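Q: These are the residues of each chain, in order.
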Amino acid sequence: MLRHLTRVVVAATLAAGSVSAQQQPRARVQQADVAIYVIGAVARVRARYIFAGNPGAVSFEYLEQPCAVVGPIRLESNGKQVPYAGEATDPWVRLHDTSAVDPTRLSLGYQITYEVKLAASDVSVPIVLPTSALTGTRRGEPVATIHATLMWNARPIVPRMMFNESTRSWSARMAALPSAVRLSAAGVPNEKCWLEPKNSGGLARVFWALVATLALWVPLYMWWANRQRRAA
Amino acid sequence: MTSSQGTAFYISVAAYIAVVCLIGLRNYRKTKSEEGFLVAGRSLGPIVGGATLMANQVSAGATIGMVGFHYFSGISYAWTWPLVWIGWVVCALFVAPKMRGLAGVTLPDYFAARYDSRAARGIAAVFILIAYSVMLSAQYQAGGLLFTLVGGMSYSKAVLLVAGITTVYTFLGGMYSNAYVGVLKAVMLLGCYVLAVPFLIKHVGGIDTLGNALHALDPRLTGNWFGVRQLLAISLAIGLGLACAPYEISAIYSMQSRQIVRQAIGYSFLFQSFIAIGVLIFGLAMRVSVPHLPDPDLATPMLGMSILPFWIGLLVLMAAVVTFTRTGGAILLTVASAMSHDLYAKLMVPNASERAKVLAGRIAVVTFSVIPVILALRQLSLVNWIVIYAAKLLVSFLFVPVVLGLNWKRATRAGALAAMVGGLVTCLVWLAQRQPYVLGLDAAEAGVLVSAALFFGVSIITKPVAEANLLPFFPAVQSASGVGS
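Line order of the protein sequences matches chains A and B. Heads up: the first sequence runs through residues 1 to 232, numbered per the numbering used here. Heads up: the second sequence runs through residues 1 to 485, numbered per the numbering used here.
Worth flagging that the hints you see were computed from the coordinates, not collected in a lab. Just so it is clear, the structure is predicted and the values come from calculations on it, not from any experiment. Accuracy of the hints is not assured; some may be wrong.
[To be verified] Label-pair distances were calculated between CB atoms; the ranges are:
| no. | chain 1 | residue 1 | chain 2 | residue 2 | range |
| --- | --- | --- | --- | --- | --- |
| 1 | A | R94 | B | G6 | 32 to 40 Å |
| 2 | B | A18 | A | N78 | 37 to 45 Å |
| 3 | A | M151 | B | P309 | 16 to 24 Å |
| 4 | B | A18 | A | M151 | 39 to 47 Å |
| 5 | B | G6 | A | R155 | 20 to 28 Å |
| 6 | A | P219 | B | L22 | 35 to 43 Å |
| 7 | B | G6 | A | E165 | 18 to 26 Å |
| 8 | B | K202 | A | A212 | 20 to 28 Å |
| 9 | B | V194 | A | Q31 | 32 to 40 Å |
| 10 | A | E165 | B | K202 | 24 to 32 Å |
| 11 | A | F163 | B | A15 | 39 to 47 Å |
We put the CB at the ideal spot given by N, CA and C, even for glycine.
Same shape as in the complex, but just chain B (with noise of 0.2 Å):
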């Protein structure tokens, strides 16, 4: 990258911390309150919730890692699009009308509710620092790595930058922030891939032709580098982890009612379709243009520096700032109120002020970021994987007792906290195994079965919970028990 070049990166990065900032402090007013700051004030339409939820799922997974997972696999990774989106279904069917029914803050807010649980809501808060720390520091990792190569600096004092942005807007306009920068991600990506793609089709000579110089590298670039199995695996682990993710939750959360809920999630479906493709074309006409990059991570940066027209390069490596600070805000919003709502405000000091608990959120917001900068400087593996890993582990701790248990009566207390450790347990015990697995199940397939058995076997042991405790989710038993009558 020239000097010009760089200078034009840093004038865009300088008004985009203005615009995030601008709009931080414009919605900093609209959170006195703690459902202010945490779910903004449950007011998001459809098309601002579909951004969100997009914005939370396209993390820097997607726009450095995933670019980076087609140059080296080649095409068939890309069918993950479709399958994840299977797990959306079952969020929109089995998950979003239920929760946002209970208009809770956070996802322990459930488990306390359901299970009628402090111990569920203390452990799910506990296991959302930790994972959420390790999935954050992916963000800080993509982000220190583009700066390195765009701007020139360090990699310490990017992967710091990167922190610094994404914490001052969310400090600031918490969910608001989120949400407003949410759309502006969007509008970034459909822009950069809209002029992107079919720059780069013509540039390697057409679909055709860029098969075959893929095919002649490796057949397996245009077939199945990933086979069906692993493909499901790997769909299985983040689709269904999307259905019960905290910071989607939030999101549902954060939406007017529950069929503004679906319509987001068929929105979200929309921005997704573009950026699968965008995508898919950058990783495979980087494999055909750069045939022997030092690290397929470097994939964007690199199409970004050198091989796109100035300003459509600049476009996607701001598309590529705007992606991992503002997952980063999303992530770190979660985390801070897993620490400030559940474990502050409902175990620690039941009787806090509104006043108290959003000063509480915006100090954990703070701390929760320099976590994730430690895990960063070391660098732990490529991004995609980190990302692909962290969702392993929150899926088989978390989907059994929340999706099955939003929709089997029967689960119990016991049962859940069973199906959670047990779940986590399982998840670690097979990826700190050596591939290939016992009996072919995937690390997630693994945790999600013997959660789920644990959580069926405990609860038909043990004791149901209390009808009161069913209300929300269950109308039967609301007309059963004359409530709602």
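Just chain A, same shape as in the assembly (with noise of 0.2 Å):
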């Protein structure tokens, strides 16, 4: 009785999780690199993805940030450049390779170029990023490298980035690459620059909402509570 009930009881919560695995993206990168090289106030960014299997139809995408320009990209496979067809959906920016699939490639390879001009000491440099997750043998084996070579008064805020003397440069190695690597540049000259948010789809309104009805309750429910133990 016991180990029939135990069974029935595991199979239901394997049933019911197996509706929330089905939700997940499915992961297609096998590899990733990305070195990041700041002179002066630009940034250059050279990304390449390896993806396993036959991904189909390939997009990438980047999320626009403030004091951070990004220059014309250029997309290559196979020493080849790779014609994409851009869609902004601010504040992202999604590029969709626009060549022909071939269905019996087995892997492909992607290298991303461009320059990001930047205005502000503490920026953030956008990373172009394959619209799919990376993928390990493992659960949550780092699959991604990011590599910076910074100017001697830089450094990287976010991703945290291990500084290595002998390359003079920073590097880490994650699960998932970031959006953005944010860096402090004390060379770069502060300008005026800010994204003013077109539709924040009302989180601001919901989130004080939740904060104001959390710290209501605690007050009140005290209040209560006191309120009964007084009148016992």
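Using the hints, build the complex out of the two chains.
A: This is the structure we're talking about:
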């Protein structure tokens, strides 16, 4: 009886969990290497991505950042430039590879290069990312590498990176890529730049309503509980 | 994570193990009696009691799983906090004062006292053993994932390490250890959210900028990913489940008086408010900062390892470690008490000595730590899904015979048994279906409705329980029978 009940409870939990697991995006990117070189007020970015299996149509995206203007982006595969279509859903910009999909290919590599003009000392360099998740052989295995070669008076803030004395560069290995690398670059002049949020979807309103609900609930309940104690 | 960061993490974990062992050893001599081991000698005040209630509720499902939920579903899930609190108010009004008045040790004690039924005690104890073993596996799974990512050890070794930490301090100090580690957990969680949330809000450019980035990704992230109906169903399962959860009932038994219990619930709300905002901002900020995680459960580990400044990140990781080992300890103690107190001491060997009962409790702690390890190694599902579905089974099984039984004198032994079995079977049948569910009812709602119908229907046609069994719960019976005068 006990064993049977255990089986039923575990089976029900598994069945329920499989629904959520099916909602997760399918991971296809096997390896990612991003290198950033910051010289003066310009960051040069080179990203290499290797897709496992046949990924079908491939898309990339980046998150626009204040005080960081992304220049023309060059997309290459197997040493050849790849045509793409851009699509802006502020603040995200998506790039869709428009070349014909070869149904027989077994893997696919991309190299993406671009420059970012920096206009503040605390600034984030956008990373052009694949729109699908990275996957390792085991859960959470770090398969993405980021290298940053910076001026002597600059350092990365997010993500956390380690300084390598021999190469004079910063690096990090991660299970997924960040949408941007935030830098503190003392030498870059600060300009007034600001990305006005166009449509926040009412997040601030819902957030503060939640905060107010929680903040009101606690004193109201404590008042009631103390009243009960005095009455007792 | 770099090698120096990994070293700092392991040193912190070692320090934590040393602290919890010290807490356990310090309380070891206080746990010579069963009451000392399982309900801390009924000595907890409102703040330690509030931390204990919060620490039981806020499990890996919150610090790992709920951050992952916010990561993939946005803000709407945060409304489950105030909705779940309705369950706590039900507990404060209708459950806690009467339970504390009973002065039992476990939830099945209530079944035996209220319904004068050894069968009800036995069935409740067996159900607790099974359902809480599944819930404990979620804590081990979350812990295993964190240690794998941060420490680089294999998943199986990591699960064993987490199970080891949990088992050792629960074995040594029982409920005393759980209470004081609960305070440590509250301090660490408040510390990490107070420090990390302002950093993350600044990092993503403020709430409006965060909303803009999320809304552009998917409008449901800032709106209603979960509809009102779904939120109510999940909150009903968790909130009403908390009102009758065996580990929360044990915490209630551990407090000094019924007034202290009500105050402790208020302190628990205060702690939970900070945690609610913290896990929300963690999940939303991570969706924008690292938009394509291979698994939403990785959000908290990655935040601690790569996104936050070193010391704040370390605090977040350690708070997560404390969370799943502490909640694991509470669950383990509940499972062990069901075995040692209800099955061994009350049903199998009624004449067992205090020493034998405490020894049985300690053996049960070790034994029932092994089963969830086996489940955790199989990695059932996302952590929060395991917690939610275990909560649905619990509420279907326990809510009606506990909450309604405490407040309706006419409830009978047969009614309670029918409600428990009927609610559980209905919930399992509903969970086995593919959504949408029959009549649009969630599994927990269907389970509770069928359980209530059977409870009332069977109670009315069967013989009432003796007045002596009603005395601890219904003062009116006491005055009418002249016992209290």
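Q: Each hint: holds or not?
A: Hint-by-hint comparison with the structure:
Between A:R94 and B:G6 the CB atoms are about 36 Å apart, so this pair conforms to the stated range of 32 to 40 Å. In this structure, B:A18 and A:N78 break the distance hint of 37 to 45 Å, their C-beta atoms being roughly 56 Å apart. Look at A:M151 against B:P309: about 21 Å separates their beta carbons, and that is inside 16 to 24 Å. A hinted range of 39 to 47 Å for the beta carbons of B:A18 and A:M151 is consistent with their spacing of about 44 Å.
For B:G6 and A:R155, the hinted distance range of 20 to 28 Å is satisfied, since their beta carbons lie about 21 Å from each other. Checked against the given bound of 35 to 43 Å, the beta carbons of A:P219 and B:L22, roughly 36 Å apart, stay inside it. Checked against the hint of 18 to 26 Å, the C-beta distance between B:G6 and A:E165 comes to roughly 19 Å, which is consistent with it. The hinted range of 20 to 28 Å is satisfied by B:K202 and A:A212, whose Cβ atoms lie roughly 22 Å apart.
Judged by the Cβ atoms, the range 32 to 40 Å given for B:V194 and A:Q31 holds: they are separated by roughly 38 Å. At roughly 30 Å, the beta-carbon separation of A:E165 and B:K202 lies within the given 24 to 32 Å, and the hint holds. With their beta carbons about 27 Å apart, A:F163 and B:A15 fall outside the hinted range of 39 to 47 Å.
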